[in-house]
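Quick note: to get this note's numbering, add 2 to the position in the sequence shown (first position is 1).
Heads up, a few of these hints could be off.
As a list, the in silico SDA-like pairs of lysine to any residue whose alpha-carbon atoms are at most 25 Å apart [to be verified]:
hint	residue 1	residue 2
1	K197	A89
2	K291	R261
3	K291	Y55
4	K113	K197
5	K197	E96
6	K113	A226
7	K113	R261
8	K291	K113
9	K291	P256
10	K197	R249
11	K197	G235
12	K291	G8
13	K113	E96
Derived from the structure by calculation, the hints contain no laboratory data. Predicted model, so just to flag it, every value in this text is computed and none were measured.
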Amino acid sequence: MDWLRGMNGVMEYLEENLSGDISYGDMARMVGCSVYEFSRIFSFMAGMPVSEYIRRRRLSQAAFDLQHSRERVIDIALGYGYNSPTAFARAFKELHGVSPTMARQMGTPLKTYPPISFLLTIKGVSAMEFRIQQMDSFQIVGLSGLEDPDCGNGETLTPLWRRFMEEYDPRLYGGGGQGCLYSEPFCQVAAYSFKTEGGRMRAVIGAQYRGVRPEGMDLETVPAATWAVFTVGGPTGYPHVPEAYARILTQWFPSSGYRRDEAVPNLEVYPAGDVSAPGYTWEVWMPVKEK
3 MDWLRGMNGV MEYLEENLSG DISYGDMARM VGCSVYEFSR IFSFMAGMPV SEYIRRRRLS
63 QAAFDLQHSR ERVIDIALGY GYNSPTAFAR AFKELHGVSP TMARQMGTPL KTYPPISFLL
123 TIKGVSAMEF RIQQMDSFQI VGLSGLEDPD CGNGETLTPL WRRFMEEYDP RLYGGGGQGC
183 LYSEPFCQVA AYSFKTEGGR MRAVIGAQYR GVRPEGMDLE TVPAATWAVF TVGGPTGYPH
243 VPEAYARILT QWFPSSGYRR DEAVPNLEVY PAGDVSAPGY TWEVWMPVKE K
């Protein structure tokens, strides 16, 4: 399976670059998806965000370097991306429970997180509900900005989502006294670009533009595309969003006859209702092309 080779290629790439620059864009391209999608699938499959895995691997290797070399602590810290020995010492102690200096002493207990690899596991068949839909170009009105790739792989809202919910959501959906400006099927839409800007992904959160643009809101254009639309059952948030992307990318795409359309962002569509309720359903819109 291409995604399986791609994910293991990512692991090799990470090991080769633990002491150098690591590009989320390069890793996503190895798997054939966007940075946002890659971050979600990695989080689901590895049980932690990419950034946390990299942190653990770097600090694991740093412990070996401290024990087997005479390099200065500051040089080891810089080699693994820490700008100061203080920041390195703090992170090292958080993981290992001891300071870098103590790690050099014989008999000091340390931790190591070995490299992971991905294997194919056959599980019980579970249906995936989807439809193929074509749609002309449209615009989203709301809030746009750049997000870190691992945002949303935790228990809290991303900064962009938090700002939208606090400042923009009431103005679009009635809390600001204007009445509900938008309704089904695009009551609330989030779009995540395939491309990255300075290592960060562009996102826009809002609603399909229908001629009403409250003051201060952005307009983002989504190109015409063919979409594979997946209905996702259950609450939103972590870990449900990463699981949805993992199933789409690792189960549906390999056997579908489609490939990801890199020129178009993917969408998440949230109808009105309690997004934390067990019976709530939402959608992932994945832009596709025939292979």
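Verification of the supplied hints:
Only pairs whose Cα atoms come within 25 Å are accepted, and K197 paired with A89 is rejected, the gap being roughly 31 Å. Taking the CA atoms of K291 and R261, the gap is about 5 Å. The hint holds against a cut of 25 Å. Taking the CA atoms of K291 and Y55, the gap is near 32 Å; set against the 25 Å cutoff, the hint is violated. With a CA separation close to 36 Å, the supplied pair K113 and K197 exceeds the 25 Å bound.
As the CA atoms of K197 and E96 are separated by approximately 34 Å, the hinted pair breaks the 25 Å bound. Restraint check for K113 and A226: not satisfied, since their Cα atoms lie roughly 50 Å apart, outside the 25 Å limit. For the hint linking K113 to R261, the alpha-carbon distance of about 41 Å lies beyond 25 Å, and the restraint is violated. About 46 Å separates the Cα atoms of K291 and K113, which puts this hinted pair outside 25 Å; it is violated.
A hinted pair counts as satisfied when its Cα atoms are at most 25 Å apart, and K291 with P256 qualifies at roughly 13 Å. As the CA atoms of K197 and R249 are separated by approximately 22 Å, the hinted pair is consistent with the 25 Å bound. For the hint linking K197 to G235, the alpha-carbon distance of about 28 Å lies beyond 25 Å, and the restraint is violated. In summary, the hint linking K291 to G8 is supported, as the alpha carbons are separated by about 20 Å, within the 25 Å threshold.
Straight-line distance between C-alpha atoms of K113 and E96 comes to about 11 Å, which keeps the hinted pair within the 25 Å bound.
In this structure, the earlier hints numbered 1, 3, 4, 5, 6, 7, 8 and 11 are contradicted, and the remaining ones agree with it.
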